[in-house]
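Residue numbers (numbering that gives the first Met the number 0), protein chains in the order written: chain G, 0 to 357; chain X, 0 to 316.
What the hints contain is simulated information worked out from the structure, not anything from laboratory work.
Keep in mind it's a predicted model, so treat the numbers as computed, not measured.
It is possible that part of the hints are untrue.
[What the hints assert, rightly or not] Covered stretches of chain X, as calculated for chain G (at least 3 residues, CB under 8 angstroms): (1) 106 to 113; (2) 161 to 175; (3) 219 to 228; (4) 251 to 258; (5) 271 to 283.
The beta carbon of each residue, even a glycine, is placed where N, CA and C say it ideally should be.
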Amino acid sequence: MTRFLFRRLIVTIPVLFGIVFIVFALARVIPGDPCRAVLGERATDAVCDAFIHRYGLDQPIPVQFVSYLGQLASGDLGDSIKHSRPVTTLLIERLPTTIELTFWAMTFAIAVGIPLGLVSGYRRNSPIDVGTMVFANLGVSVPVFVLGLLLAFLFALVFKDTPLALPPSGRLSSGVDVVPLAEVWGLQGLGGPPRAILDFASGIYTFSALITGQWGPLADAARHLILPAVALGTIPLAIIARITRSSLLEVLGLDYVRTARAKGLRERVVVLRHATRNALLPVVTVVGLQLGALLSGAVLTETVFNLAGVGRTMFEAITGRDYVVIQGFTLLIAVFYVVVNLAVDLSYGFLDPRVRAR
Amino acid sequence: MSAPAMPLVPAPGSADTLATAKPASLWRDTLSSILRQRSAIVGLVILGTLVFVSVFAPLLAPFDPGTSLLGVEDGVLKRSAPCIHLLGCPETQPQHILGTDGNFRDVLSRVMYGGRISLSIGFAAVGFALIVGTMIGATAGYVGGALDNVLMRLMDVVLAFPSLLLAIAIIVALGEPSYFNALLAISIVSIPVYARIVRSSVLSARENDYVTASRALGESSRGILVRRIMPNAITPLVVQGTLGIGGAVLEIAALAFVGVAPIGEAEWGSMIAIERNQLFNAPHVILAPGIVITLAVLGFNLLGDGLRDALDPRLNR
């Protein structure tokens, strides 16, 4: 297992390095004058020269790359050109929105997708199975933003003034605030990384409101999350349901399931304890892959529901030529991808002893 | 086990039944097994309709997709809801089966024309990615060694980015938003998928005895690769390519929606993008293109699934 882990980690290093390089190169290739994109068309040449010099953009590209690597090594992602604030601050502000959104989207997808897949796999060709598969086919085909707009239309307009009404944008209603953790716990004086972590956790509203017992804001944040999470979670839900179904079908045909039945175990035990456990193995991979893919969907979901998350920030940075933000955020996202893939591989080791043995 | 064995040589009396049976052919077998898949048929029908409507849009569409009807047609309303005279819409109002948009244009005509852009970009993007991906995958798999490592790690790096963000970055890096740049971006993002498929097919086919035999007979490396090994990769490529076109159609719409594809053309995603804020006043201008995108993607997904089931010899039928 240690060797397996070690080898997986070694392979990751060149990929990470390649990611850093591509991120850096892509940001430099983006045409257009960053100075005038930030300071406006009428910035004078002298002002622009000073601007370019300040951000080191007048240095040769290789020099910029090396100093960028040095910066990264010390945990500094640079200052946003547009927001003139450290990228790390921006991350602490924007990342919680996306984490919260993807977490609930994935929870929704797993909580609904796996049971649906199991039922339709077990009752093959029943109305439930056919219904699920039609739904799954539609679910993977509908664009995230169309689904988001459709949900907003239904729940914010058609069901307006009914108990089903849900807010179509933002994270909290106006006037509602989740009191930050630092304030609740009287730690305003705290600084440095511990404070950053605390602020970061405070940004995940459903989490911070839950642990500090702010029930009103919690309910409000949850209501705001339902539509975006459902919109974002539908594609992974459909994929998870399909994989679970076909995987269960395959496992149910195996000998050990017949053995379990032959020795007189109750059907419920055979299916839930024996078959399901093995059937969920491929589902783990898919969940991991989808977790990465969710970030693409997050750009669209955040656009539809007006959420200032990572996806939206990235998009604005790319179109606004904010190199530093592009680099920082892309790096983070790519590293997240690599880590998720690693976690999926490792979870295989835990779930399937045959992989561990190799 | 006691069933009588089939005679290896048919009895003289049954010879004519053999003579009238159609000779088996690879293509006919493939076609008939595809047509046995319900999902493939549904997919084909959906796609056939969409392609037909797109190709013959100039003949079928009631209006020009780009012309504002303000001042051209009497009584035309901005973003008017669908109006069909047969279904009781007052005769005084001009008929627009899917209503009009914010520029007094006929939504139905725009949806019909929209397929031309989305579908052709989808086909072209996947075609390009297929060619480049196949070359990369075949080289990596056949040559192996360090080159294989470098190429596949490069593919890993591309895969490490969320595809939509990478596509946006590529379009911005290429300069002005244009459909060609969108096509290129979507293509580049999907190359690794095809490269991986081809590489694994090549790796598994390379060691076969018939490949060794060809080599012993003095066939060139290229000949072996193209004639002996590559045919093994065709089935997974066709399946993945079909699903990929659906994905590309989604991606174009998404790129147009976030505003990095040309805005204002009769294209499904950009139709939704420009009318986004009118969701509550005139849902039809968003729902119409939204439903068509979903149908197109659904068609490709169903066809792809059907092809996989029909072409995979491991699935017993």
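Consistency of the hints with the structure:
Here the region 106 to 113 of chain X counts 0 residues with a CB under 8 angstroms from a CB of chain G, which misses the bar of 3, and the coverage is violated. Coverage of a stretch by a chain is defined here by at least three residues with a beta carbon nearer than 8 angstroms to that chain's beta carbons; for the region 161 to 175 of chain X and chain G the count is 10, and the condition holds. Only residues whose beta carbon comes within less than 8 angstroms of a beta carbon in chain G count, and the region 219 to 228 of chain X has 0; fewer than three means the coverage is violated. Given a C-beta distance limit of less than 8 angstroms, the hint that chain G covers the region 251 to 258 of chain X holds, as 5 residues qualify and 3 suffice.
Counting residues of the region 271 to 283 of chain X whose CB lies closer than 8 angstroms to any CB of chain G gives 5, which reaches the minimum of 3, so the coverage claim holds.
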